[in-house]
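Participant: In UniProt numbering, the protein residues as written are 1 to 332.
The hints are simulated quantities; they were obtained by calculation from the structure and are not laboratory data. A quick note: this is a predicted structure, and the numbers were derived from the prediction, not measured. Honestly, I wouldn't trust all of these hints.
[As the list claims (entries may be wrong)] With a cut-off of at most 30 Å between alpha-carbon atoms, the simulated BS3-like pairs for lysine-lysine come out as follows:
1) Lys41 to Lys22
2) Lys41 to Lys131
3) Lys41 to Lys106
4) Lys45 to Lys65
[What the hints assert, rightly or not] Across the chosen pairs, the derived CB separations fall in these ranges:
5) Lys41 to Arg186: 46 to 54 Å
6) Gln275 to Ile240: 13 to 21 Å
7) Val167 to Glu44: 55 to 63 Å
8) Glu185 to His33: 38 to 46 Å
9) Glu185 to Glu44: 47 to 55 Å
10) Thr160 to Pro38: 16 to 24 Å
Every residue, glycine too, gets a C-beta built ideally from N, C-alpha and C.
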Amino acid sequence: MASSNVPDDVASICSVCLEPYKGRNPKLLPCFHTLCLPCLKDLEKHHTELSPDTTVTEEDMTETKPLTFPCPTCRAGIQVPAGGVTQFQTNFYINKNSVTCDVCDKGEDAVCTCTECGDNMCVTCQRYHNKYLTNHQVQPLNFNCQQASKTNIEPVKEGTIAEQLAVLEEVLVMMREEEDTMQRERQAVADVISRRADAVMALVTQAKEKSQRALAEIAERLGRQIQEKIITVRDRYCRIWQLSSQGTTIGQSTSVQKLQQTALLTDDDVQMYKQQCSRGRQLQTLLHLFDDSAIDMQVIEAYIGTVSSGTQCTGGQQPVCYQRFTCMRQGL
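Take the sequences, apply the hints, and build the full model.
Facilitator: See the structure below:
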């Protein structure tokens with residue numbers, strides 16, 4: 001429970017439990033906010049229960065998903081070190097006036113800290129710690145305080161911060177402009193691709209319609225020729241059949257004799273029809289009569305070649321975005 005006597009200096013109390021940092025080992029998070037160790041342990045326990053995937057199973061002993069939790073102050077994602085929340089750096093700047101022992105909980109003043117355990121220790125606890133954990137590195141608290149003081153209190157040259165911020169702001173503005181330019185050029189190239197694809201499709205449709213018209217004309221002409229031949233052959237057949245039905249007598253009339261002269265085939269006619277029958281499928285068909293040149297593919301091929309070379313555009317000059325896109329493709 002938070003104490004009713006909240007100090008006036010907000011920086012000296014934990015933002016979660018509202019207890020003074022004194023004796024509670026304040027820890028500095030990667031987002032530069034500070035929480036007391038008990039609150040961090042509560043957060044660690046809570047999010048461990050919510051994240052069962054963080055436990056190591058027998059099937060996966062080589063890789064463990066790190067535990068993370070949002071900072072209670074800024075909601076930034078905080079990744080817990082492998083050794084737990086005790087491994088977070090102690091905020092010696094806040095805790096420099098009075099640091100108590102984290103091991104014995106007797107309120108004894110701490111004189112050193114273990115970089116492995118992350119605990120501040122009094123003289124008594126340090127002796128036991130050094131006896132059983134000889135491989136751990138222990139540093140005096142004043143060493144860390146001095147290091148933190150040197151890092152935090154070192155004066156910055158006048159104008160350095162403003163100059164660096166101005167440089168970074170200029171870079172950010174330039175990068176945003178470059179991003180906007182890239183998006184505009186991307187849309188421009190997409191429009192060019194769409195227009196040229198539509199143009200090719202229009203040419204293909206035009207060539208298809210032209211070829212179909214040519215096919216219809218050839219088929220109609222060939223059909224008329226075949227019908228004319230059929231009519232001619234049927235007429236000759238009927239006239240010859242009429243002669244066969246009248247019989248062949250010595251006293252034939254003049255009309256019958258005239259019919260024989262006009263109806264019967266000549267030797268040349270007989271030879272011609274025999275040749276047609278012997279040729280069979282060698283007669284010209286629609287496939288032979290249809291000229292492939294009717295499909296005007298040269299127009300399409302010329303256009304595709306122009307598009308590939310990048311010379312077809314309004315005004316005779318490619319936009320910068322398309323030139324860059326072409327260069328990037330050639331470099332792949």
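Participant: For each hint, tell me whether it holds in the structure or not.
Facilitator: Now the hints, each set against the structure:
1. Of the pairs offered as hints, the one joining Lys41 and Lys22 holds, with about 17 Å between alpha carbons and a cut-off of 30 Å not exceeded.
2. For a cut-off of 30 Å, the pair hint linking Lys41 to Lys131 stands: about 27 Å separates their Cα positions.
3. Using a Cα cut-off of 30 Å, the hinted pair Lys41 and Lys106 holds, with the two alpha carbons roughly 19 Å apart.
4. With a C-alpha separation of about 16 Å, the suggested pairing of Lys45 with Lys65 holds against the 30 Å cut-off.
5. At about 50 Å, the CB distance of Lys41 to Arg186 agrees with the hint of 46 to 54 Å.
6. Range check, Gln275 to Ile240: Cβ separation about 19 Å, and the 13 to 21 Å hint holds.
7. Between Val167 and Glu44 the beta carbon distance is about 39 Å. The supplied range of 55 to 63 Å is therefore violated.
8. Against the hinted window of 38 to 46 Å, the Cβ-Cβ separation of Glu185 and His33 comes to about 42 Å, which satisfies the hint.
9. For the pair Glu185 and Glu44, the beta carbons lie near 48 Å from each other, so the given range of 47 to 55 Å is met.
10. Checked against the hint of 16 to 24 Å, the pair Thr160 and Pro38 fails, with Cβ atoms roughly 39 Å apart.
In this structure, the earlier hints numbered 7 and 10 are contradicted, and the remaining ones agree with it.
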